[in-house]
Amino acid sequence: MSNSAGLFSSSLGRKYLMAITGLFLCSFLLIHLIGNVSLFTDPVQFNEYTRFMSSNPLIRIMEIVLVVGFLAHIIDAIMLTKANKAAQPVKYAMDKKKSTWYSRNMGLTGTIILAFLILHLQSFWYGYKFGDVAMTLDSSGAAIKDMYTMVLAAFSQSWYSAIYVVAMVLLGTHLNHGFQSAFQSMGLRHKKYTPAIKKVGTAFAVIMTLGFISFPIYFYITQL
Amino acid sequence: MAGMNLTLKVWRQNGAEDKGRIVEYKMSDISPDMSFLEMIDVLNEELIQKGDDPIAFDHDCREGICGSCSMYINGEPHGPEDLITTCQLHMRSFKDGDTIYIEPWRAAAFPVIKDLVVDRTAFDAIIQVGGYVSVNTSGNTQDANALPIPKADADAAFDAATCIGCGACVATCKNSSAMLFTSAKISHLALLPQGKVEAQERALNMVEKMDELGFGNCTNTGDCEVQCPKGISLDNIALMNREFLGASLKSEK
Ligand code: HEM
Ligand code: SF4
Ligand code: FES
Chain A
8 MSNSAGLFSS SLGRKYLMAI TGLFLCSFLL IHLIGNVSLF TDPVQFNEYT
58 RFMSSNPLIR IMEIVLVVGF LAHIIDAIML TKANKAAQPV KYAMDKKKST
108 WYSRNMGLTG TIILAFLILH LQSFWYGYKF GDVAMTLDSS GAAIKDMYTM
158 VLAAFSQSWY SAIYVVAMVL LGTHLNHGFQ SAFQSMGLRH KKYTPAIKKV
208 GTAFAVIMTL GFISFPIYFY ITQL
Chain B
45 MAGMNLTLKV WRQNGAEDKG RIVEYKMSDI SPDMSFLEMI DVLNEELIQK
95 GDDPIAFDHD CREGICGSCS MYINGEPHGP EDLITTCQLH MRSFKDGDTI
145 YIEPWRAAAF PVIKDLVVDR TAFDAIIQVG GYVSVNTSGN TQDANALPIP
195 KADADAAFDA ATCIGCGACV ATCKNSSAML FTSAKISHLA LLPQGKVEAQ
245 ERALNMVEKM DELGFGNCTN TGDCEVQCPK GISLDNIALM NREFLGASLK
295 SEK
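Here the protein sequences come in this chain order: A and B.
Counted the way this note's numbering counts, the first sequence spans residues 8 to 231.
Counted the way this note's numbering counts, the second sequence spans residues 45 to 297.
Derived by calculation from the structure, the hints in this document are not laboratory data.
No false leads were mixed into what you were given.
Under the rule of at most 27 Å between Cα atoms (straight-line distance), these lysine-lysine pairs were calculated in the DSSO-like manner:
| no. | chain 1 | residue 1 | chain 2 | residue 2 |
| --- | --- | --- | --- | --- |
| 1 | B | Lys253 | B | Lys158 |
| 2 | A | Lys105 | B | Lys218 |
| 3 | A | Lys104 | B | Lys218 |
| 4 | B | Lys63 | A | Lys104 |
| 5 | B | Lys139 | A | Lys103 |
| 6 | A | Lys105 | A | Lys199 |
| 7 | A | Lys98 | B | Lys139 |
| 8 | B | Lys63 | A | Lys92 |
Pairwise CB distance ranges (calculated):
| no. | chain 1 | residue 1 | chain 2 | residue 2 | range |
| --- | --- | --- | --- | --- | --- |
| 9 | B | Ser137 | A | Val213 | 34 to 40 Å |
| 10 | B | Glu296 | A | Glu70 | 33 to 39 Å |
| 11 | A | Val213 | B | Arg106 | 45 to 51 Å |
Ideal Cβ placement from N, Cα and C applies to all residues, glycine included.
Required output: the full structure, derived from the provided sequences and hints.
Here's what the structure looks like:
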């Protein structure tokens with residue numbers, strides 16, 4: 008099918024979808040990281056931020072968009088990866104690829120990110136919504152769920168913090184290839200701008216990885 | 045000067061139905077000045093004399109322009125050197141005592157016919173749905189130079205046109221994606237005024253055909269660009285991606 012309705016059934020259409028959802032997820036990561044900074048600065052502010060995120064109607068709508076974005080990215084990834092495996096069924100006895108390991112293993116790093124995501128949502132999203140969360144006071148003296156203490160408790164476990172560090176390093180490799188790859192997929196390539204896009208992608212990957220691993224590492228060490 | 049001693053590990057497969065296997069051959073006294081294909085010619089002479097079946101491999105021009113000499117040599121299409129085909133590879137690129145793996149292109153869309161020979165009809169099928177310009181050539185063709193073309197476009201089109209359809213890009217791609225080849229064919233024509241007329245249809249039809257034939261999807265690893273004997277650039281894939289997006293949005297089909 009080569010009409011616009013069938014666009015996303017073509018190889019290139021699926022690549023556009025991969026790229027758009029991937030970049031959308033990047034924007035989510037950035038906002039998530041900025042939101043978490045209050046973990047370091049102010050426990051009360053962090054608890055209020057968490058309450059805001061789980062109650063504000065606009066954020067709730069964005070949450071649905073985010074879930075759809077994740078699902079589209081994951082389903083598209085599975086379809087593309089399956090087709091790619093079928094396209095090269097026999098492996099070489101001797102194969103020397105010149106490309107980077109992480110550019111060839113987006114499916115693997117993505118799957119580990121997904122596994123991490125399930126663990127992460129189970130402990131913090133499900134745990135916050137339906138779990139047994141202790142109460143504390145907000146800045147006006149009203150009762151509020153103590154997410155801050157919950158995060159600290161989670162990161163005091165070495166295995167739990169270790170999983171975070173490993174998953175975030177793999178996320179970094181996913182982003183290092185994925186960010187610039189998304190521009191190429193959409194046909195945005197230019198002698199002048201592409202080298203800059205690659206640098207921004209790497210910087211983004213490094214900042215996201217270091218940013219997100221700083222929480223488990225800091226809270227694990229300070230609670231030793 | 046004493047020649048080199050080599051161990052070859054060659055994929056032997058007696059027809060499409062055969063399972064195939066790697067067979068080891070010892071070669072002695074190989075001159076470094078020999079071309080890689082001459083080295084196989086020598087081996088085949090030996091095999092014929094012993095009454096064995098010679099190794100089937102594709103070759104024609106032996107000067108890097110026909111694109112038929114497909115072989116995956118020691119883990120790389122066309123062997124270890126950059127920007128050349130197998131027929132342009134010489135034994136001086138190897139050392140005495142080396143073990144050399146020789147395998148056919150591996151891709152679902154390029155089935156093995158025999159030994160190192162694969163069926164690349166799929167590339168022809170992609171060309172047939174758009175790798176041309178429909179102009180009347182019945183004696184009243186316009187002088188090509190009458191149409192002004194920006195130098196940069198002419199150069200880019202010419203670079204894309206150097207693709208020889210060898211299939212190394214598909215062979216090295218972990219997804220057996222034909223996007224470098226298809227994009228070279230698309231941009232080579234889309235960049236020129238004569239080809240612009242049908243650019244939209246061409247992009248749609250060639251990509252559709254490429255998908256239908258079972259080539260994989262590009263994940264932008266970049267292996268194809270590194271291994272292409274003609275240095276076809278990833279710029280072409282980006283151009284194809286733009287062309288196809290515009291074409292699918294505008295198309296009324
Ligand atoms: C926060 C999470 C994630 C972010 C920010 C992200 C971002 C990206 C980006 C920007 C790309 C490049 C798109 C392109 O090449 O056009 C990409 C590709 C990919 N992602 Fe993700 N991703 C995330 C999670 C996941 C998950 C959970 C999976 C699991 C299945 C996954 C699997 C893939 C695969 C397989 C590709 C390569 C697809 C291809 O190039 O054909 N990603 N990702
Ligand atoms: S793009 Fe390069 S590697 Fe691919 S078929 Fe053309 S010449 Fe061969
Ligand atoms: S035999 Fe023609 S390119 Fe090698």
